[in-house]
Amino acid sequence: METRRQMLLGGFFVAVLLVLGYYTLFLTDFSLFKERFGFTVYFPEAYGLRQGDAVLVAGIRQGRVKDMSYDPTAEYVRRVTVTMLMDQPVELREGFTIAITDATLLGGKNIEIDPGPAGGAVTSTDAPLFGAIERGALGSLGEFIDKNGSRFEEIVGNIDVVVADLRNGKGTVGRLLRDDELADQFETAVTKVEATFDSASQIAADIRAGKGTLGKLVNDEDLYQKVNEIADRLKEIGNDLSAVTKDVNAGKGTLGRLVKDEALADEVTKAVQQIREITAKINDGQGTLGKLVIDPTLYDDAQAVVAKLKNGEGTLGKLITNEELYGKLAQIADDLAASSDALKTGRGTLGKLIMDDELFEQVSKALATVTRTLEEYREAAPISTFTSVLFSAF
148 METRRQMLLG GFFVAVLLVL GYYTLFLTDF SLFKERFGFT VYFPEAYGLR QGDAVLVAGI
208 RQGRVKDMSY DPTAEYVRRV TVTMLMDQPV ELREGFTIAI TDATLLGGKN IEIDPGPAGG
268 AVTSTDAPLF GAIERGALGS LGEFIDKNGS RFEEIVGNID VVVADLRNGK GTVGRLLRDD
328 ELADQFETAV TKVEATFDSA SQIAADIRAG KGTLGKLVND EDLYQKVNEI ADRLKEIGND
388 LSAVTKDVNA GKGTLGRLVK DEALADEVTK AVQQIREITA KINDGQGTLG KLVIDPTLYD
448 DAQAVVAKLK NGEGTLGKLI TNEELYGKLA QIADDLAASS DALKTGRGTL GKLIMDDELF
508 EQVSKALATV TRTLEEYREA APISTFTSVL FSAF
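Those letters in the sequence shown? Residues 148 to 541, by this note's numbering.
Note that these hints are calculated values from the structure, not bench results. Small disclaimer: the values here were computed from a predicted structure and weren't measured. Note that CB positions come from ideal geometry on N, CA and C, so glycine has one too.
Restraint ranges, calculated between C-beta atoms of paired labels, are given here: (1) D394 to A485: 55 to 63 Å; (2) P275 to G206: 19 to 27 Å; (3) L361 to A397: 36 to 44 Å; (4) A311 to G267: 54 to 62 Å; (5) L361 to F333: 26 to 34 Å.
Please build the complete structure, drawing on both the sequences and the hints.
Written out as structure tokens, the structure is:
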């Protein structure tokens with residue numbers, strides 16, 4: 148009796164596990180008391196869809212495939228009827244899409260529902276709904292190959308020709324495969340390229356280590372700041388040149404007036420023309436400068452004068468070459484300097500007269516007195532003359 152109970156209990160337990168396993172593997176959204184909402188969609192084919200596959204609404208799983216049936220007599224778009232059970236009602240709007248898609252590249256299918264734009268009119272799920280097939284990458288590739296089979300055959304044939312040419316040593320790659328000398332040259336080129344990359348790596352390492360000008364520029368902050376300062380100065384110079392150019396274009400300054408002022412440009416042109424005329428006259432020997440440049444006689448005379456000066460001939464020559472005369476002139480210059488110094492320091496009569504204010508005032512007063520006396524004498528002279536003539540008669 149006890150054994151029978153255990154067997155029944157074990158059988159019941161196994162049955163429960165089987166049921167749970169079935170619903171776990173095939174009906175993962177199974178719920179015993181949850182309300183379901185079903186609606187039907189027609190497809191032209193099942194595309195490997197199975198009962199229990201997931202139904203996604205806007206990418207979110209909200210149901211599963213309950214049942215599928217095939218009607219060979221129905222029109223193409225209605226051949227497969229799929230019934231779905233949803234966790235909640237689905238509100239479809241105008242512009243919605245329903246399609247069977249690949250769940251993964253390795254297999255499995257889903258039904259994906261795009262409910263449509265939010266502003267679209269609501270579509271009833273009681274009306275006939277039609278779905279489509281969205282083939283995955285592998286399915287699309289297979290379909291593409293099927294449609295372009297002849298082209299792929301042509302491509303395969305061309306590949307066979309290329310392989311045959313390579314085997315026969317035709318073309319650069321064929322010669323590279325078959326010609327040992329060319330292969331050696333290619334290997335040498337590869338070696339040189341590797342050496343170039345090694346050199347580039349060494350240069351990069353030196354730069355990182357701060358070696359060389361570029362390395363110092365990259366790693367030395369002071370040098371970097373100096374370069375930045377130079378760049379800023381160059382920028383300022385460029386700005387100044389730009390400002391000068393603007394001023395010139397605006398006719399400011401001498402250069403601007405020369406560029407923009409037609410009258411000034413004409414005057415400059417006239418001045419240049421006059422300079423050309425003067426130069427032509429000089430070249431023709433006209434005028435003093437022209438004769439000096441062209442006339443050898445005047446040049447010879449100048450040379451003779453210079454020679455006489457060197458030989459000490461004439462007054463200027465003696466002044467230049469005669470040491471005694473030079474000494475006398477130097478003595479005169481020293482005496483003049485001493486006299487000038489005495490005048491500045493107020494020494495001597497003339498120095499005191501120039502530098503002594505009191506003496507200057509006295510001299511001024513004396514001169515004023517003499518001047519008045521002379522004036523009085525000049526005025527009294529006629530009277531004294533008349534008196535002397537009058538008394539001389541007696």
